[in-house]
Amino acid sequence: MALINPKKKEVQVKIVYYGPGRGGKTTNLEYINKKFKERIKGEMTTVKTYGDRTLFFDFLPVDIGKIKGYDIKVQFYTVPGQVKYNATRKLVLRGVDGIVFVADSLVVRRKMNILSLQNLNENLSSFNRRIFDVPIVLQYNKRDMEKEGIPLLSVETLENDLNKQLKAPSFVASALTGQNVVTTMKKAISLTVASLQKKLELGG
Amino acid sequence: MEYTIELNKKQFESIENILKEELIDLGVQTVLLIDLAGNILVNLDDGKSDIDIYSLAALAAGNFGAVSAMAKVIGESDFSLLFHKGEKESIHFSKINEDLLLLTIFGKDVSLGFLRLKTAEAMRKILEII
Amino acid sequence: MATNKDDITSDLDNRLDELFGEDDGEDSFVPEKKEKPQPIKQSKASSDAKEAAKPKQKAVQKQQPMQSPLENLKSSMLEMDWELTDEVIGKFLSEIDKLKTKYSSDKMIFSLLQLHESMAKYIRSKKINAHPDSMKLVHSVFEGLDKIIAAPNMTEDEKKKIAVGELKLFKAFKQKIGPAVKGAAPRIEGIDIEAIRKVIKAELSLFKEELLKEMKSMRIGR
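Protein chains in written order, with the working numbering: chain A, 1 to 204; chain B, 205 to 334; chain C, 335 to 556.
These are calculated hints, taken from the structure and not from any lab test.
This one's a predicted model, so the numbers in the text were calculated from it and none came from an experiment.
Be aware that a few hints might be false.
[Unchecked claim] SDA-like cross-link-like pairs, simulated, lysine to any residue; straight-line CA separation at most 20 Å: (1) C:K505 x C:L545; (2) A:K90 x B:D282; (3) A:K8 x B:L248; (4) A:K198 x C:L545; (5) A:K41 x B:A270.
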């Protein structure tokens with residue numbers, strides 16, 4: 001859960017990018033980091049294995065500034081998407097305040113998306129949390145591949161597969177070109193901070 | 205329910221005082237009290253430090269989780285000494301409770317033996333408060 | 335409450351727009367140049383690991399061809415570096431005892447061992463409230479001992495120089511933990527600081543006496 005420091009009037013919020021391996025979670029953060037390097041002042045840290053796969057997590061701290069008297073610091077994390085790294089995913093998910101689920105639009109990745117969302121649900125339950133109670137935004141990534149003739153899942157299919165029950169805000173996107181990367185992020189911050197509203201009032 | 209750390213202003217102040225008295229006064233460079241989600245509860249330094257504490261906290265929380273998992277793999281419930289020695293600076297970790305971790309960064313002038321005594325004392329005092 | 339919530343959301347959204355406004359055609363479908371994002375601050379695990387693997391402990395570097403009689407003392411001293419428990423300090427003290435018997439006829443070595451002993455006893459009794467520099471002094475005394483024992487042909491004068499040097503450090507240390515510097519000591523109740531000081535004082539005067547005697551006898555001998 002978000003850490004609220006009433007002494008320093010500071011709130012630390014943790015937003016995790018979740019999703020299947022090679023889905024573009026790291027690319028999302030890299031885009032944000034590159035684009036807003038000057039403004040966000042934070043530095044991106046990544047722990048990778050060879051071949052650029054995320055081993056542990058990526059981390060990007062972003063200082064939003066003061067909202068309602070509180071200094072809001074958002075920490076973005078990605079989890080390793082590969083199935084075998086579930087222990088690490090759980091570690092990163094600990095204390096999460098908001099989630100961006102990055103789904104892969106490629107037709108061949110349909111099953112992986114569904115499994116990854118199930119895995120997210122299971123991992124949250126291990127912390128006694130429900131996926132419906134955590135602010136979540138869905139992103140259907142890799143839409144740029146369509147132009148290269150690669151078959152993509154339709155938005156309807158993706159919505160039906162992943163968002164039927166969640167009914168979360170969702171965006172088509174391309175992390176590589178930056179399409180809707182920022183929109184997704186802004187929505188995630190907005191939902192997450194708004195969910196803390198009650199706590200902030202009490203704390204202040 | 206997942207543990208959430210909620211401390212009031214007074215608790216934050218008391219913890220800062222404890223960490224200052226026990227550790228900063230011993231000559232350590234930086235002290236961070238973090239939770240296992242990677243959030244920073246308290247950070248203190250000797251005024252000469254300029255490190256990226258947010259990244260450090262995120263990595264430390266992850267690292268600690270990984271090391272605990274390693275302990276379980278070999279049949280230990282936990283490792284009692286977590287320490288990384290550098291040429292100039294070293295990092296010492298101590299687990300305060302299920303959710304809190306104390307990170308101490310210190311130079312060559314501080315003896316690890318003393319530091320361990322002091323962190324144990326600081327931990328004892330912090331546990332009385334939270 | 336509802337209005338308040340809208341408030342924070344609109345405040346936040348404005349801020350997010352400020353921070354993350356995209357000047358170049360926001361979120362258009364026009365693909366940008368496909369630059370591969372540069373890898374950012376990579377963790378340099380492999381190269382750093384090599385550095386870290388180098389043994390760095392000073393004491394370890396000075397390896398002698400034969401096993402030094404101080405080997406066990408050194409290892410229990412290094413153990414004290416890691417952990418200051420009664421057990422570890424006890425090991426150190428019992429090693430001192432052995433060496434005291436072995437070197438009972440060598441006054442300089444014996445005196446340095448006594449100095450070591452007082453330091454270890456001081457640390458054992460004060461533990462957390464011992465002065466942070468105490469272990470430094472223990473190391474320094476060890477280095478003195480090590481120098482003397484490693485060079486069997488060292489003259490008495492040279493030995494004396496080393497011993498006197500350590501004594502000076504000890505005196506300076508005593509000043510530091512003396513009444514002038516309160517430090518952490520008075521904070522904890524139930525520990526008799528004076529009694530500990532007495533022990534150290536007694537040890538120190540004994541050491542001084544012996545050193546003086548030794549120096550006198552050497553002068554007469556010449």
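Verification of the supplied hints:
no., hint, verdict
1, C:K505 x C:L545, "14 Å, holds"
2, A:K90 x B:D282, "18 Å, holds"
3, A:K8 x B:L248, "13 Å, holds"
4, A:K198 x C:L545, "74 Å, violated"
5, A:K41 x B:A270, "28 Å, violated"
Figure legend: structure checked against the earlier numbered hints; hints not met, in rising order: 4 and 5.
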